[in-house]
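The listed protein sequences correspond, in order, to chains A and B.
Here the first sequence stands for residues 1 to 306, numbered as in the working numbering.
Here the second sequence stands for residues 307 to 652, numbered as in the working numbering.
Among the hints, a few may not be true.
Unchecked claim - Cβ-Cβ distance ranges computed for the label pairs, FRET-style:
| # | chain 1 | residue 1 | chain 2 | residue 2 | range |
| --- | --- | --- | --- | --- | --- |
| 1 | B | 439 | A | 144 | 23 to 33 Å |
| 2 | B | 622 | A | 114 | 50 to 60 Å |
| 3 | B | 456 | A | 108 | 35 to 45 Å |
| 4 | A | 292 | B | 615 | 37 to 47 Å |
| 5 | B | 398 | A | 44 | 26 to 36 Å |
| 6 | B | 376 | A | 73 | 21 to 31 Å |
Unchecked claim - With a Cα cut of at most 20 Å, we get these calculated SDA-like pairs of lysine to any residue:
| # | chain 1 | residue 1 | chain 2 | residue 2 |
| --- | --- | --- | --- | --- |
| 7 | B | 514 | A | 150 |
| 8 | B | 514 | A | 149 |
| 9 | B | 395 | A | 274 |
| 10 | A | 208 | A | 227 |
| 11 | A | 65 | B | 487 |
| 12 | A | 208 | A | 189 |
| 13 | B | 480 | A | 274 |
| 14 | B | 486 | A | 73 |
| 15 | B | 514 | A | 194 |
| 16 | B | 486 | A | 70 |
| 17 | B | 439 | A | 154 |
| 18 | B | 514 | A | 148 |
| 19 | B | 618 | B | 630 |
| 20 | B | 423 | B | 518 |
| 21 | B | 652 | B | 629 |
Since the hints were derived computationally from the structure, they do not count as laboratory data.
Even glycine gets a Cβ: it sits at the ideal position worked out from N, Cα and C.
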Amino acid sequence: METPYPNKMVVSPKHSSQGAESAFQKIILIAALALVVLLVAIFLSMLFHALPSLKAFGIFFPFSKIWDPVSGTFGALPFLVGTLLTSFLALLISLPFSIAIAICIGEFFREGLLSSFLKNVTDLVAGIPSIIYGFWALFVLVPIVRNFEIKLGIFPYGLGIFTASLILSVMIIPYSASIAREVIAFVPTDIKEAAYSLGATRQEVITKVILPYARSGIATGILLALGRALGETMAVTMVIGNSNRIPRSLFSPANTMASVIANEFTEATGRLYLSSLIEVGLLLFLVTLIINVIGRYMIKKMSIEV
Amino acid sequence: MKKRIARIYMFLLLIAALPTWANAVDLIGAGATFPYPLYSKMFYVYWHNTGIKINYQAIGSGGGQRQLVNRTVDFGGSDAFMNDEALAKSPAEILHIPTCLGAVVVTYNLPGAPPLKFTPDLITDIFLGEITKWNDQRIAEINPEADLPDMNIVVLYRSDGSGTTFVFTDYLSKVSDQWKRKVGRGKAVNWPVGLGSKGNPGVAGVLKYFPGAIGYLELGYALLNRMPVALLQNKAGRFIKASPVSASNSANVPLPADTRISITDTDAPEGYPISSFTWVLVFKEQAYRGRSEDKAKELSKALWWMTHEGQKFTEPLHYAPLPLEAIRKTEKAINSITYNGNPIPK
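Whole structure, please, built from the sequences with the hints as guidance.
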């Protein structure tokens, strides 16, 4: 059998010989490996294009704080700080809500109208394009944050790390919530019933049995949400204030790695400028990778203890 | 059923793989976003009149220059002229054809929107962060009739690299040595103070809800959105209101043959001080990469039309038309286009 055409196999069973089977496996394998090859290729081509900047600034690039396209001095520290601050702050804000949603759907209301309604809404939140979040944040959230800042007595920019984290936290809730609800729903009933039979209240069952049992799954969801927050571009760019200085407080305007690339890439002329932007991209790639590796390690430790 | 799905899938793949069929003489351009609304209007009318399609992609001036130099487009669009270094790296001689002028205005959000006047020093010191209050003595001196509030000044700038930022910082660098030393000119600069927002809509959007903010916008965008626009003092000492006419006037200065000139801080007494040309870039020698002579002819015709009949579309869209001297220069440039070394017949 020459043509590696999987549908043929289904239509006429007499052709499903050993050869077709192995051809089928090969196609599946190639398709799966294509992603890995692509990832490596992206990394290598970014590395190649970042070479001029790597040569010019070396190891200091992620730690130097001046980004001046006019004089050709590039350092990514303000963006690195901006990305990490917004992402982790967003995670912190979103966590109570996503776990509450997960417990609601996974434990309290497993079936019925409310459950499917909540489920659909969380999925919908994940599907809204980020530019819409950006617009909403700019026109609704920013004035609210401004009023809040006036009450606190700090300079009312309205735009800044705090606003960006707020909108990010909304955007990442579905990622952590949907995985957490699955693992919470999978907590074996006999364990829960055992706890009840010992006289545990529902609250105790949730905090002492369900959450500890499901924690590695919940952590996986958090990691996924964090990855989304690190790379989010459009909505953050619109409300973070795009200032290339190191933020002094959680309310100051800042910039993230993704948003500086989105802002400056199209008009970047000059080899060093362009390659510095690509190196910022490379840095984002590496930061995401490192956080993922650390996260996986932590999840693994957690699941062994259970 | 599965067979049908597979067939549809193959069919879609086939469609995606098809090259987009283009008319042999259709023209492709890419570049600056600033003249995009004007070019869309011009090319639409041109297509109606002549049947020639011109596809212009607003990808930014930097991209326009890159794509022309890489010879993937018939013409590039740029808000900034190519410097000598960039021209030296180009594979062949590039011509600059100005198509219109634009201006950058200073706009602000103050209660009651009082009309304001600014001197070059004042603008620079505000954007350097040295004047921080609206009721500062120096602003009040020049605007005695304005009721200035005790409010913090918040500087807004474009966070994305843009020709508008280039023109604005080019102006500041010309009028202030301190600005030139500390910040300089560029499509994106290291702003000493303030907040960045993406695009004209971003700056205008933030400005509208932010009392005390000051920013810069393209003239057309500010006029369309009825933003308050400051009068600026030009080199001759006059306070000039930004308009297509005053922007046009700013080009009433001796122009070099290749029109590569920055006209910010113009000497023209009636000229608005933050104006600039925008250019279409083409190769002088059109016979490259197997392009047909027809294509070269159509390109030259289209450029002629844009700088002559097409100019009537500038003012309704708040762009400034080319003044007469600039048109003479573009005629010379268009006539110098060759195909295999021979001038292109009209």
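CB-CB spacing for residue 114(A) and residue 622(B) relative to the 50 to 60 Å hint: holds, 56 Å
Holds or violated: residue 480(B) to residue 274(A), with C-alpha atoms at most 20 Å apart: The hint is violated at about 26 Å.
Distance restraint between residue 65(A) and residue 487(B), which requires alpha-carbon spacing of 20 Å or less: holds, 19 Å
Given pair status - residue 150(A), residue 514(B), alpha carbons within 20 Å: holds, 18 Å
20 Å limit on alpha-carbon distance, applied to hinted pair residue 439(B) and residue 154(A): Cα-Cα ~16 Å, so holds.
Hint consistency between residue 486(B) and residue 70(A) [alpha-carbon to alpha-carbon, up to 20 Å]: holds, 10 Å
Status of the given 23 to 33 Å range, CB of residue 144(A) versus CB of residue 439(B): holds, 26 Å
Residue 208(A) paired with residue 227(A) [C-alpha distance capped at 20 Å]: Since the Cα atoms of residue 208(A) and residue 227(A) sit roughly 28 Å apart, the hinted pair is violated (cutoff 20 Å).
Distance restraint evaluation - residue 456(B), residue 108(A), Cβ atoms, bounds 35 to 45 Å: violated, 54 Å
20 Å limit on alpha-carbon distance, applied to hinted pair residue 514(B) and residue 148(A): The hint holds at about 19 Å.
Pairwise hint evaluation, residue 189(A) against residue 208(A), where the allowed Cα distance is 20 Å at most: holds, 14 Å
Pairwise hint evaluation, residue 518(B) against residue 423(B), where the allowed Cα distance is 20 Å at most: Holds, at roughly 16 Å.
When each numbered hint is compared with the structure, violations occur for hints 3, 4, 10, 13, 15, 21.
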